[in-house]
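Here is what each chain is made of, one letter per residue.
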Amino acid sequence: MRHFLSLIPVAALWVSPSFAADVSFKNEIAPILAARCAGCHGGAEAKAGYRVNSFAAMLSPGETESDPVTAGDPDASYLLELIESDDADARMPKESEALPAAQMALIRRWIEEGAKFDGPDAKAALQSYLPQVTHAAPPEAYRFAMPITAVAISPNGQEIAASGYHEITIWSAADGKLLRRIQNVAERTLGLAFSADGSMLAAAGGAPGVSGELRVYNPADGALLREVGRFADTAFAVTFNPDGTKLAVSGADRAIHVYQVADWSEATTIEDHADWVTAIAFSPDGARIASGSRDKTSKLFDVATGDALATYPNYGDAVYGVAFSADGAQVIAGGRAGRLDFWNAADGVRAAEIGVGGEIQRVLAAGGQIFTVASDSHARQFKADDRAAVRTYAGHSDRLQSAAFDAAANRLVTGSINGEVRVWNTADGTQVTSFIAAPGLVTETAQVQAAAK
Amino acid sequence: MRRCKRPFRQVAMAIVYVAGMLLACATTAVADEPAALLDDVARIEVYPTQVKLESARRAMHLVVTGVNAAGQTRDLTDIATFESTNAAVAKFEHGVVRPIADGAADIRVTVCGKETLVPVEVLGQAAREPVSFQYGALVALSKQGCNSGACHGSPSGKGGFRLSLRAYDAALDIYTLTQEDHQRRVNLLEPANSLVLQKPTMAVTHGGGQKLQASDPAYALLHDWIAEGGRVDAPESPRCVRIEVYPPERTLHYPATTQQVIALAHFSDGSVRDITDVAVYSSSDEAVATADVRGKVQAKDRGEAAILVRYLEHMETSRMTFLRDVEGFAWNDPKENNFVDQHVFDKLRLMQILPSDLCTDDEFIRRAHLDVVGELPTPEETRSFLADPNPWKRSQLIDALLERPEYSQFWALKWGDLLKLGNKRVSQAGVHKFHHWLVSAVARNMPYDEFARELLTASGSTFANPAANYYRTATDTNECTETTSQVFLGVRIQCAKCHNHPFERWTQDNYYGIGAFFHRVARKSGSVPDELVVFASRSGEIVQPRTGKQMPPWLPLTGDAQVPDDEDRRQAFAEWLTRPENPFFARVAVNRIWGHLMGRGIVEPVDDFRDSNPPANAPLLDALAEDFAAHGFDWKHTLRTILNSRTYQLSSRTNAFNAQDVKYSSHTATRLQTAEQLLDAICQVTGVPEKYPGLPAGIRATQLPSPDVDHPFLKTFGQPARETACQCERGADSNLSQALQLINGPLVHAKLKDEHNRFRNLVAAGKSDRAIVTELYLAAFSRPPSEQELAVADRHIAASGDRLAALEDLCWAVINANEFLFQH
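Residue numbers (numbering that gives the first Met the number 0), protein chains in the order written: chain D, 0 to 452; chain L, 0 to 823.
For the record, the hints were derived by calculation from the structure and aren't laboratory data. Check before you lean on any hint, since a few could be wrong.
[Unchecked claim] Lysine to any residue pairs mimicking SDA-like chemistry, simulated, CA-CA at most 20 Å apart:
1) Lys46(D) x Ala202(L)
2) Lys157(L) x Ala273(D)
3) Lys93(D) x Ala213(L)
4) Lys93(D) x Ala149(L)
5) Lys157(L) x Arg335(D)
6) Lys46(D) x Ala213(L)
7) Lys423(L) x Pro692(L)
8) Lys93(D) x Ala202(L)
9) Lys157(L) x Gly48(D)
10) Lys46(D) x Pro692(L)
11) Lys157(L) x Ala45(D)
12) Lys210(L) x Leu98(D)
13) Lys295(D) x Phe160(L)
14) Lys157(L) x Asp274(D)
15) Lys46(D) x Ala149(L)
16) Lys93(D) x Gly208(L)
17) Lys46(D) x Gly207(L)
18) Lys93(D) x Gly207(L)
19) Lys295(D) x Ala213(L)
20) Lys46(D) x Gly206(L)
21) Lys46(D) x Phe160(L)
Since we're looking at a predicted model, the values are computed, not measured.
My request is simple: use the sequences and hints to build the entire structure.
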């Protein structure tokens, strides 16, 4: 049913040139490495100290100090020796099926031909130049609602974008009617952000454990404008900087990537956290970026240089949401501990805290207000100046996963793990509309009836 | 300090004790010869005898057993043919009966010309039975080992994915599987793409390797559970009440070497479900038998093994015995002194192991002294015993030893270890009072039930009633639970404090249920320094930390106990514990006695009773326990019974048929003397006693009230610091520092150099070389030297030119001889 996984090798074969042409690292070797090797030999804790997450890393020996690749001499290439081994215990990939003979032959031939690199940057992640894929279509009708892991409100306040399965759905903010479905989207979407002019919708996501990506769509017609980045695992958070010139994304690759919107080049890569970077927020002046991570810290970086400016190590549990105070002096972090910590950007010291409850999944701050959504199914509003509770938004029946706030329109949008989206008026706390963001959802009763027929 | 190197010649000259010739036993590598199994099948049995399949998801394994005229069994499951009499209702494929449509059918089982019908009832085929979270998904994760302690079941999980250890916490597991991290681990719309299936099948690289295949039953369970929405079970869903394993026990004679084991779960709705393919199997002894993932047991050698079958928190065993004729084996009908010998010899005969001969009188007197009073016999005692012509002298010696004051001192040492007696916990004054209490209790042979009750229900000042120190050395409810379980129930329950025991039936609820009996024990300071007053409070309930539920008092194998609030709950516990029919109390006690005398418990370790650690001889353990209870829990009676058995008095020299045996008491196990025994023995051989600061002169190491004397020699040889109630705290391993202590240590050196040691006193008294050497042998080995040994000694003394130095060499060699260091 799902084709995504098989797409990588298929794409590789599709671009396979005839035997006459040289084997392409970018198009033929990199997809194999990404799919079959990088899981164990990818990240910081790579097995045997050997990494294949980039071309440069692939050439560099691991703990065994045997040359993985000797250009022109396949039989002196340790990588190939392990891949071709007859000993199932020694063979790579470890404890798995051997590579198909055709792939082994391809790697052998590529080494014979000189192990040439035809990608853009030998040090860049393999995923960044893998052939772009066309994603599978979303289900015509959902059998189950997917968790609403991301929502966004269009700048004019009229439309709501919500995460779907291989799609992003666009709904009317006024009455919850489905307006459009954007396709060619990764399996999961975990972060959504509109550009200030509403011409772009950035989507961060991927297939869990398999790949991650950052794509930009035209929200009006659903056209894919650009694939901005490709990662080894899902991307979680995406945000434009205040003047709209930069787009930042963070994810399971433990990194924050900042791109220039003008030419989509990667301006800064920040690899500082020890675990997933689950949340990011630009400072009001756009010069700094705050982050939250599953490594239980919240950090602050200089956007231009990528330098770490401050670390807040005292949250005590995974951080899932960050925001800036209006003056940029404090970072507000929330997460699994169910607590909002306000820490000073200047020295990383806690200035204040609010006990919220549940697991906080998102933190938003704008228009003098702070919002949280949590696993206890409640959204909460606080005043930014004195941190006083304004109100609790009750009505959802399951864990909340996502939220967006439009200060100009006084609208809060909340998304639940059970597929429900609710739109609230933040001026008076009333609910504006709600809907299940799963087009054509077949109820269980209907499924049982259909099965009976 | 320096000591001259002694030539190895001298060490060799020292009478190196040969523990027994290692004769290679004909190791029985068993092979399967199915043809030989079929010759003489007299009848067949099929289990289960009838089958009820109540939904499309149910199926049932059948096990076919052939029985020959001699009553011997063999597993014919693999060679029988199975045929449904109504293929529209039920079919038989891949070893299981599967339902097709509602109705009735028979499965006709045919093998070796014999035939049996198994009636099958099929119903509920129209309804859809969802896959249970608990009994489907969690069972599958447990089956594949995903939630084992080394993988995602470790406290911090692996790779960011954490499951509860062997699924003890379903609430945590549903959270991490379906909620945490944006529900990334399951894919409700395309279940096969769920990370939780892609990773273990290595479709996505998995640090733990390939743990699952699409063809595994566990895969289908996980897949279907996700496809159905990944939900928790409805609160009213049927629950597994118990599991049943077939066959519960089986003896197979070579060439029968395999057995299919099946597991059935009995649910609260009365249904019986086949869990053979998803239960987890392991063997208590992999050298004897192994079990594969589908419950097929394969013998590896003759012997006994328990096959453990686990299903979530449930556990049962199938006890397997594999027999094979040993070439040349003929039972020699040794004399049986009492019921101990009867049970031991029954087992030996069955296992075709020949017991060793009776030990000699000199071996016996040494062995009995060390075991009963903890010290070597004196040369005088040995001489008079060896010279005694009375045929009952062994029994008489046993009786005499049991009445000696050293007996109570020695056993108080053992209790002091288990009860953690030491200055740190009960203060110096407390140590002496509690030690005195223990010595008196042993001396007057306080019945063991009374002993346990005195300790468990003790209240008042720990000075006035030293038994109350039981609640001083166990400082809180959890420690009381753990100490009581280990000392009196033989159960190491510590694991269940934080999670259900990973390998055993003990759950976290059980731990806190036992704890409820001790939770009301309160402690306050007394009127004098270091005094503590223990009392039972009338209220206070214990809460299970994971569920937050208040736990009522709970008794193993009995269940929740009702104890009125005005009653001390400890009374109720002690009353239950000391009932003659209590399956733990007497067994653990006699096993401790057996382990002490024989060097290895019938259950070993002696305080680790569990299904995965079956007794080497269950009838013997039962008989000893029954006899112990029937005699009013008389500790000395049981000691006397075992000491008088031929089994106890067997030689440590092995024969061709028992050299490999360590389990069945076919010969005496040689073992290093304990730290205290060894120190006392060195003092005796050299004739130079040890002095302990703050204690009266003449006190021996085995009589020390606590290890607080901080003696380096004792520590080196494994004296426990008494931190835990575990027998295992007493180190039994030999190590290099022990060798250094003996060869070159200050203690041995000082005693050899002492101006008034045994051999110097004998020299001063004008004794001949031979008289002195004889005296040394009697003191150290409890036997006179042989003529050859005397001749070697003569030559050494003559060659040396320095008589005193030569005698010192001899004494040193004696102390370093295995015959001295070991009990045998």
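Quick rundown of the hints versus the structure:
{"no.": "1", "hint": "Lys46(D) x Ala202(L)", "result": "holds (18 Å)"}
{"no.": "2", "hint": "Lys157(L) x Ala273(D)", "result": "holds (15 Å)"}
{"no.": "3", "hint": "Lys93(D) x Ala213(L)", "result": "holds (18 Å)"}
{"no.": "4", "hint": "Lys93(D) x Ala149(L)", "result": "holds (18 Å)"}
{"no.": "5", "hint": "Lys157(L) x Arg335(D)", "result": "holds (19 Å)"}
{"no.": "6", "hint": "Lys46(D) x Ala213(L)", "result": "violated (26 Å)"}
{"no.": "7", "hint": "Lys423(L) x Pro692(L)", "result": "holds (17 Å)"}
{"no.": "8", "hint": "Lys93(D) x Ala202(L)", "result": "holds (12 Å)"}
{"no.": "9", "hint": "Lys157(L) x Gly48(D)", "result": "holds (18 Å)"}
{"no.": "10", "hint": "Lys46(D) x Pro692(L)", "result": "violated (57 Å)"}
{"no.": "11", "hint": "Lys157(L) x Ala45(D)", "result": "holds (14 Å)"}
{"no.": "12", "hint": "Lys210(L) x Leu98(D)", "result": "holds (18 Å)"}
{"no.": "13", "hint": "Lys295(D) x Phe160(L)", "result": "holds (16 Å)"}
{"no.": "14", "hint": "Lys157(L) x Asp274(D)", "result": "holds (13 Å)"}
{"no.": "15", "hint": "Lys46(D) x Ala149(L)", "result": "holds (17 Å)"}
{"no.": "16", "hint": "Lys93(D) x Gly208(L)", "result": "holds (7 Å)"}
{"no.": "17", "hint": "Lys46(D) x Gly207(L)", "result": "holds (12 Å)"}
{"no.": "18", "hint": "Lys93(D) x Gly207(L)", "result": "holds (10 Å)"}
{"no.": "19", "hint": "Lys295(D) x Ala213(L)", "result": "violated (36 Å)"}
{"no.": "20", "hint": "Lys46(D) x Gly206(L)", "result": "holds (9 Å)"}
{"no.": "21", "hint": "Lys46(D) x Phe160(L)", "result": "holds (18 Å)"}
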